[in-house]
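Using the sequences and the hints, build the whole thing.
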Amino acid sequence: MSTNLVKRLYEGINEFPIFDPHTHINPQNPSAGSLGGILSYHYYTELCNSAEYDPGWWEEGISPDLLVKRIAKKLPLIHNTVQFSWFLTIADEFIGIPRTELLNPENLERLNEKSKKVMSEKGYIERLIEKSGIKRVYLTNQFYEKLEGFDCNFYRPCLRIDPFSYFADRETVLKDMSVSTGVQIKDSSSFDKALDRVFARFKEKNFAYASVSSWPGTKIHPVENTREDAVIKKILSGERLSCHEHEDHVAYSFLLVAELCRKYDVPFHLMIGVDKDVYSQGVQFGTDLVDSNNSMRGYDYLFNQFPDVRFPTSVLSDTQGLELTSSAWIRHNIFPSGHWWYLNNPTDIAREVSRRLEVVPLQKIIGYYSDAYYLEFILPKFRMYKYTLAQVLAEKIEASKADPNMLELTGDKALETAWDILFNNPQRIFKDTTGQ
Amino acid sequence: MSTNLVKRLYEGINEFPIFDPHTHINPQNPSAGSLGGILSYHYYTELCNSAEYDPGWWEEGISPDLLVKRIAKKLPLIHNTVQFSWFLTIADEFIGIPRTELLNPENLERLNEKSKKVMSEKGYIERLIEKSGIKRVYLTNQFYEKLEGFDCNFYRPCLRIDPFSYFADRETVLKDMSVSTGVQIKDSSSFDKALDRVFARFKEKNFAYASVSSWPGTKIHPVENTREDAVIKKILSGERLSCHEHEDHVAYSFLLVAELCRKYDVPFHLMIGVDKDVYSQGVQFGTDLVDSNNSMRGYDYLFNQFPDVRFPTSVLSDTQGLELTSSAWIRHNIFPSGHWWYLNNPTDIAREVSRRLEVVPLQKIIGYYSDAYYLEFILPKFRMYKYTLAQVLAEKIEASKADPNMLELTGDKALETAWDILFNNPQRIFKDTTGQ
Amino acid sequence: MSTNLVKRLYEGINEFPIFDPHTHINPQNPSAGSLGGILSYHYYTELCNSAEYDPGWWEEGISPDLLVKRIAKKLPLIHNTVQFSWFLTIADEFIGIPRTELLNPENLERLNEKSKKVMSEKGYIERLIEKSGIKRVYLTNQFYEKLEGFDCNFYRPCLRIDPFSYFADRETVLKDMSVSTGVQIKDSSSFDKALDRVFARFKEKNFAYASVSSWPGTKIHPVENTREDAVIKKILSGERLSCHEHEDHVAYSFLLVAELCRKYDVPFHLMIGVDKDVYSQGVQFGTDLVDSNNSMRGYDYLFNQFPDVRFPTSVLSDTQGLELTSSAWIRHNIFPSGHWWYLNNPTDIAREVSRRLEVVPLQKIIGYYSDAYYLEFILPKFRMYKYTLAQVLAEKIEASKADPNMLELTGDKALETAWDILFNNPQRIFKDTTGQ
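Chains as they are written, first to last, in numbering that gives the first Met the number 0: chain A, 0 to 435; chain B, 0 to 435; chain C, 0 to 435.
Hint data in this document are derived by calculation from the structure and do not stem from the laboratory. The C-beta atom is built at its ideal place from N, Cα and C for all residues, glycine as well. Any given hint could be a false lead.
What the hints assert, rightly or not - Result set (DSBU-like, lysine-lysine): computed pairs, CA atoms no more than 30 Å apart in a straight line: (1) B:68 / A:412; (2) B:400 / C:130; (3) A:145 / A:72; (4) B:275 / A:412; (5) A:400 / B:430; (6) B:400 / A:218; (7) C:400 / A:134; (8) A:192 / A:430; (9) A:68 / A:134; (10) C:233 / C:218; (11) B:218 / A:218; (12) C:218 / A:275; (13) B:130 / A:400; (14) C:218 / A:218; (15) B:218 / C:218; (16) A:130 / A:116; (17) B:412 / C:68; (18) A:6 / B:6; (19) C:68 / B:430; (20) C:400 / A:72; (21) C:145 / C:202; (22) A:6 / C:233; (23) A:6 / C:400; (24) B:115 / B:130; (25) C:6 / B:400.
Stated by the list, open to error - Some chain B residues close to chain A (C-beta under 7 Å, calculated; not the full set): (26) 49; (27) 182; (28) 183; (29) 346.
Take a look at the structure:
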């Protein structure tokens, strides 16, 4: 594979504006504010926590400044990782710090001070967005959020359903939902009604889709209303659900959400396969893992019941990569979406992109999302993807020259392909051309 | 990897005649008859069905001509796929249509008319076979088929066991078997006897092997005759079997088939891991998927009990790729066979070929089969495989130059390797040198 | 990827001394003694056994000389494998036999005679160690072994726990342990005490770690002492344990071993996922296989309960490759270790190395171990790994030139990376700097 060809393709792809269909950004406070804020992202704290056993080095609520002090000497332990490379790009592109300066732990506190100045300058956010070429940022929102004080065309809300599905029997979720919707939840039909109000309110705010991060072993099956009545009653009593009750409530919720997605004409974005809270000594958000034993078969009923609902889908495990590709190959309502979390490394991205381009109708592929917590992360993460995509396309261009079946893939056609999966497709699949 | 080396290798490999050890071709009607017939292949209908939600665009029994009308505008949605590239090769090589003409939907009806003429010309089939270099075509036959009216040396029958194993309790399978064999099936011993007659008849017709497309979770274990007696009685009563009864009947059938394979000295070809009928809105043959949770461990008893039966084996999921390779590495009676269905894409083929060549005794590897429904598909599918193989071999040639352990792989040796897995091995494993 | 760059990198890496953190070598008889001894290694007998069905060609206890007679004609059947390439390197490097001579079966008996002379010469072992550059060899030892008569700094004992965990209810394991420790095992507390004595004795002999080859489906959970009392009583009665009792005893044993690892400050090396004795016609040690359905989730409790114990971990299946990488990414006490058995081929090594280098803190990665039964195998196996590593690093060097995020990877930096994972990391993780 020619490095020049990769470079040329990358440069072409890198000029595309960014359409980011999944983030965790807070639109009212979208910047990390400092290098310390950047390093508070769990990718850094969890990698440094993993790099050496050092109990007590981190605590919940630690301030970015104190974190910088503590993490500085640990950073060299993760210099090899792609995650660290994102940090270099952020510091370089948005704060103007030469990459090599960041390699020396002794510089970090000083650079952190500098970063606070730059990142609090007037117009910093706008310049960041301009420099990154960001055109759209999808959010992750809880059912009770106000969704006010930001531009709902640029920052599009997305309704996260995990709290009232998987976590409904923890704390006061259903009571909160009663309060926020004005519908007293006491059985399945009032739960339906409350959720309908949530959807209606989100629709007013131009939300893009409903989404969920689903657990391994999830199996969607029909659940009788009377059964769900009993489950909700138990939840309201403050008891934790049994395993079977929990499965039923999750299945009921998924089916209800799918119905509302149909009613409000939005996709249901699935992110499949995370085992929550499995690591006891982890930092915040750094305690979940992937289970290689999981199958998309558990969602067949959901997909079949809602042929008119689009399901953009990500998987957490490489063992589901072929399942996702095959599902997108035959199922009309599955759209392979991005490269999530533990699969978000060049090695795994390259294999999945290559597979998808070979057998999934092109217009169904959603290339990438950043999953970012702060705007700063969008650029380096998209760059990683774009560069990997350029490598895969360069290989396909080379291979196509002597391929006995395929038409020759030209550089221009390769760029069109990239444009489709990075821009056209999410725009069409999420019906998002507002403000273009 | 040098494109020239790949090309040179491919050209060498492409000159090999084709030995195709698994198809679904009807030898009495082996051609698709038209471009519409080609596009009726489920790979096209299912991809177009998947590419956009359009209920009613397809119906069972749709004529090829009407299909062409309906599918023309959808085809551009799958231009990126390898499956579409097979269509280009078919039209180009057998009908003389320049590839670029096929890209415009408006040409399709006209080209379909043209194709009907060419494909109905006298000698078309013979020229197709000559041009493709096809030397052998294995079929997929039901127990009741007549197996007459074709050359049983060129088209070798293969007995499909799915109807009387997995589907025995649907419709009238056992009754049909009673009729077609003249043995009244009423218990396990008459079932044994009837199946023996089927094998005897197939043997007379020079059949190559028995085969099955097995479901995830299949577990072969010994089953008492008295238990099977009861199961058969229940089947004959018209009732559907319970889950456990079904498992037992499948296990009993597999073991019986293996015994008969031993008796009649033919292999038992396993194709492991398809979940049937999971997609409700699918076109015909486009409703099955792969389950990543499956293991070859369920077949240990079968393999161990029949050391003198050869088991050519395909898997449907990449998660079983290493299992298959490892099984072929240590088990003398497992022969990794081809790249099946959802694994039949260059990305997955390349990995599996590379693995197999590294650790499986060379003469055990069965390179490829087309799984074709019409003769026309054999050439493009084999070309895809051969080109991918050329890429893998080119990489190994390059790598071998500085490899501290391996002997240098010369171009000639690489071609010999290709010849072994594409021709010598299937010939030897299926004991098929008749008519050479 | 430039072959010259790969070669240059390989030559650099190949100069490193070898630190081999897992073998099955007998330090009092570390050489195979002859080519026949080399070929007695199960990799050769099992591959030849697999290559053709030939019952009776091998029997347990067959002498190396007789094996040579029998295996000579079979060897060409495995010429394509990487395992055979190790044989070539061994014969070439240590006995001075040109590689091409070994390709002719008729030479083999003569070469075997020659090998016996060379391999029994005075100083052969020392020259082998010198030529291979071996600095450290870790062993696999049973709890009753004497651990005397060899240099415990060069050959470091490692305690294998399989006999008294998975196999405790077979034969007389617990009685043997009572005898060898002087502690009469009759319940959980005496079992604890006996095992503590084993650890104490191994600690005196400078052992490196405790290790286990664990079965698919293993799930570590807390077990009450009273339950374990009952289980041990049943074992002592000579009965085989029920499935649940076995699971409990395994869990109890793992937790006990972890406690003792903490007490004696040694790691607990896990090798996850082997299905024992599944192939009935196999040669010795050639009957185990891999199960693609397995998950590291079964070990969460173990990892969480012992944050201060290091767990170097290997997996047998590619389906656990991402699990291992992700676990090492977030869990501070998981260290991905080498490429085990069915994953020990260049194709799978390349993917796993690439992944690990991208997202696991560098200093946690243990590059490779040979798993060798004789000293002769260490060199060719490490060479295979080193060459594959050189290929991966060459790709990363090339890619880094235009990478928008990563710092350029220089050749020197790549060699440092290799040095870390091959030498520094095992030295630090196993606290092994004695005698350096």
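**Asked** Where does the structure disagree with the numbered hints, that is, which hint numbers, in rising order?
**Response** When the structure is compared with the hints, numbers 3, 4, 5, 6, 9, 22, 27, 28 turn out to be violated.
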